[in-house]
Amino acid sequence: MATNTMTTQQTQPPITDKEAVQRRHRFLAWQRGTEQVVVRIFLIAMCLIFLAPLYWMFVTALKTTPELSVFPPTFWPTSVQWGNFWTAVNYIPFGIYFWNSLIISLMKVLGAVLSNMLVAYGFSCINWPGRDKVFYIVIATLFLPFPVAMIPLFDLFATLKWVDSALPLVVPTFFASAFNVFLLRQFLLQIPRELMEAARIDGASELQILWRVVFPLSLPAIGVISIFTAVDSWKDFMGPLIYIQNDFYRTLSVGLQFFRSTHDIQFNLLMAASFLTVLPLIVLFLIFQRFFVRGMTIGSIR
Amino acid sequence: MIAVKKQQLTKKERANLVKGLLFISPWIIGFLVFNVYPTVYSIILSFVRYSGFQPPVWLGLQNYQRMFTDDLFWQSLYNTLYYAVFAVPIGIVVAIILAIAMNRNVKEVGIYRAAIYMPSIIPPFALALTYIVLINPQYGLFTYVLSLLGLPPTDYLSDPTSAKNVIISLAQFGAGGTALIFLAGMRGIPQTLYDAARIDGANRLQCFFRITLPLLSPVILFALITGLTGAMQVFDPAFIITGGGPNNGTMFFIFYLYDNAFRYAQLGYASALALVLFLIGLALALLIYRVSQRYVNYELVS
Chain A
2 MATNTMTTQQ
12 TQPPITDKEA
22 VQRRHRFLAW
32 QRGTEQVVVR
42 IFLIAMCLIF
52 LAPLYWMFVT
62 ALKTTPELSV
72 FPPTFWPTSV
82 QWGNFWTAVN
92 YIPFGIYFWN
102 SLIISLMKVL
112 GAVLSNMLVA
122 YGFSCINWPG
132 RDKVFYIVIA
142 TLFLPFPVAM
152 IPLFDLFATL
162 KWVDSALPLV
172 VPTFFASAFN
182 VFLLRQFLLQ
192 IPRELMEAAR
202 IDGASELQIL
212 WRVVFPLSLP
222 AIGVISIFTA
232 VDSWKDFMGP
242 LIYIQNDFYR
252 TLSVGLQFFR
262 STHDIQFNLL
272 MAASFLTVLP
282 LIVLFLIFQR
292 FFVRGMTIGS
302 IR
Chain B
41 MIAVKKQQLT
51 KKERANLVKG
61 LLFISPWIIG
71 FLVFNVYPTV
81 YSIILSFVRY
91 SGFQPPVWLG
101 LQNYQRMFTD
111 DLFWQSLYNT
121 LYYAVFAVPI
131 GIVVAIILAI
141 AMNRNVKEVG
151 IYRAAIYMPS
161 IIPPFALALT
171 YIVLINPQYG
181 LFTYVLSLLG
191 LPPTDYLSDP
201 TSAKNVIISL
211 AQFGAGGTAL
221 IFLAGMRGIP
231 QTLYDAARID
241 GANRLQCFFR
251 ITLPLLSPVI
261 LFALITGLTG
271 AMQVFDPAFI
281 ITGGGPNNGT
291 MFFIFYLYDN
301 AFRYAQLGYA
311 SALALVLFLI
321 GLALALLIYR
331 VSQRYVNYEL
341 VS
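First to last, the sequence lines map onto chains A and B. Oh and the first sequence: position 168 is 169 in our numbering, straight run, nothing missing. Oh and the second sequence: position 74 is 114 in our numbering, straight run, nothing missing.
Take the hints with a grain of salt, since some may be wrong.
[Said to hold, decoys possible] Chain A side only, calculated, beta carbon under 8 Å to chain B, not exhaustive:
hint	residue
1	H26
2	W57
3	I266
4	Q267
5	F268
Derived by calculation from the structure, the hints in this document are not laboratory data. Ideal placement from N, C-alpha and C gives every residue a C-beta, glycine not left out.
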């Protein structure tokens with residue numbers, strides 16, 4: 002490109018610097034403009050692909066049963082069946098599944114916030130000998146996969162007669178998780194020590210400092226932990242599959258699959274139920290988008 | 041060891057030690073009950089025959105020897121490695137491409153980012169149920185799109201390899217989450233590096249391969265190892281869409297482990313499988329880590 006401008010300068014009457022600069026600017030602006038168009042087209046195409054399953058879930062939920070087997074498939078139902086949602090909720094024991102999922106998720110959030118907050122405080126705000134060495138053990142447990150613990154824990158919970166209840170799913174969250182402790186500790190280490198020291202001099206106990214000083218300051222991190230715990234709980238398939246056999250205690254994840262495999266169910270109803278299952282997560286995401294993004298990126302920074 | 045140390049500790053240090061241990065006590069209990077105990081118990085179980093009802097019978101190494109002649113063990117291992125070898129690298133490439141596009145300064149990028157991230161919060165079980173509708177060979181959306189490209193309708197779930205590919209393609213809908221991590225990494229690269237490269241006459245492609253990729257390499261390594269860990273445990277979609285078929289083509293390792301533990305009540309053999317999976321996962325992660333040290337650039341991180 003540099004040689005190009007040189008040759009034009011030689012053959013044509015010399016142009017002033019100002020004109021060349023302007024032309025260059027116009028070229029750059031044009032280049033930027035086309036690039037933006039290309040990037041936009043690509044991103045819109047990607048959005049269409051990534052949203053396709055969700056859209057298809059929704060559209061299928063609104064179709065009549067005969068319309069399910071039309072080819073080519075209709076992108077919008079010829080007659081919209083909003084009633085499918087109502088039918089699905091009554092046909093499948095959706096209310097029970099939903100309630101179970103909700104209670105388990107909320108209990109897990111409570112457990113995760115309480116226990117991880119205490120433990121992270123112990124690993125960051127109190128200076129005790131050997132603290133950082135013990136923290137290495139916490140990190141090491143990050144690499145222990147769930148399947149190794151799965152069978153012994155099932156045996157343990159069976160002995161305790163906890164199978165067929167929410168306890169095997171909920172109770173472990175009250176004993177902190179390595180990842181959440183790690184994440185919270187990173188956050189607590191950034192809180193100025195002076196705030197805690199001042200409270201200590203005023204005679205506040207550690208629990209008071211945790212509750213009055215540290216907790217209010219760490220709400221962003223607690224938000225991330227709460228949301229990810231809730232979403233993970235809602236997504237969990239294997240846990241409920243192993244521990245819950247009684248239909249009355251099933252969560253949405255296993256409940257829908259179980260219902261499909263044991264009953265003759267039309268896919269419009271199944272998609273209606275699936276969409277209602279996903280809906281709370283979408284709402285949560287749209288409200289707390291910032292927490293989701295922060296949570297994703299925090300995980301990668303070590 | 042702690043007892044010896046205690047004598048040298050001052051009164052304040054000792055008070056802090058007690059306080060610190062009290063605060064982290066939920067983790068200590070959790071560590072012992074949910075990490076140490078299951079791991080030790082798993083190792084013991086892997087040497088016995090145990091159904092959960094009758095007292096265990098000592099088998100020595102028989103559970104491990106059995107794997108060598110167990111066709112389904114090799115089949116499930118092959119399926120899992122096939123899945124990991126394709127799903128993880130494809131996922132990373134897709135995520136990098138998405139991150140590059142999202143890193144261009146398009147005004148409404150927030151909308152695209154939200155839309156592309158959205159499937160990451162959809163529970164895999166719900167995505168799997170939707171997939172059954174999407175890829176239906178008679179009237180699925182996927183079949184229709186392929187027919188527009190001139191491809192005949194195919195039942196992708198009737199062939200062991202294409203059924204695995206279906207599950208690999210499903211996993212790609214989670215790329216939005218990884219893309220966010222890469223995007224954060226790209227935003228962390230100083231603009232001055234690109235400016236300097238431009239002045240030296242580097243083009244876009246050179247900038248990407250000489251600046252972006254090397255400086256992003258720690259994040260790529262992170263995504264590779266976490267992706268691998270997840271891929272070794274793939275279960276939900278296979279359980280829901282194919283039930284392990286056809287011809288055990290989607291009988292993944294965890295699925296086989298689950299069957300042994302909870303369908304055939306062979307807790308001993310299943311424990312041996314779990315430990316083997318853990319060791320394979322660990323070996324692969326270490327291999328990737330070792331090989332990557334030649335390529336990973338930590339300059340920006342440190």
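Evaluated hints:
1. Given hint, A:H26 at the interface with chain B, is violated; its Cβ is 16 Å from that chain's nearest Cβ, farther than 8 Å.
2. Checking A:W57 against chain B: minimum C-beta separation of about 6 Å stays under 8 Å; hint holds.
3. Checking A:I266 against chain B by beta carbon gives a least distance of about 11 Å; that is not within 8 Å, so the hint is violated.
4. The criterion of a C-beta within 8 Å of any C-beta in chain B is not met by A:Q267, whose closest approach is roughly 11 Å, and the hint is violated.
5. Using the Cβ-Cβ criterion of 8 Å, the hint placing A:F268 at the interface with chain B is satisfied: the shortest such distance is roughly 5 Å.
Comparing the model with each earlier hint shows violations of hints 1, 3, 4; every other hint is respected.
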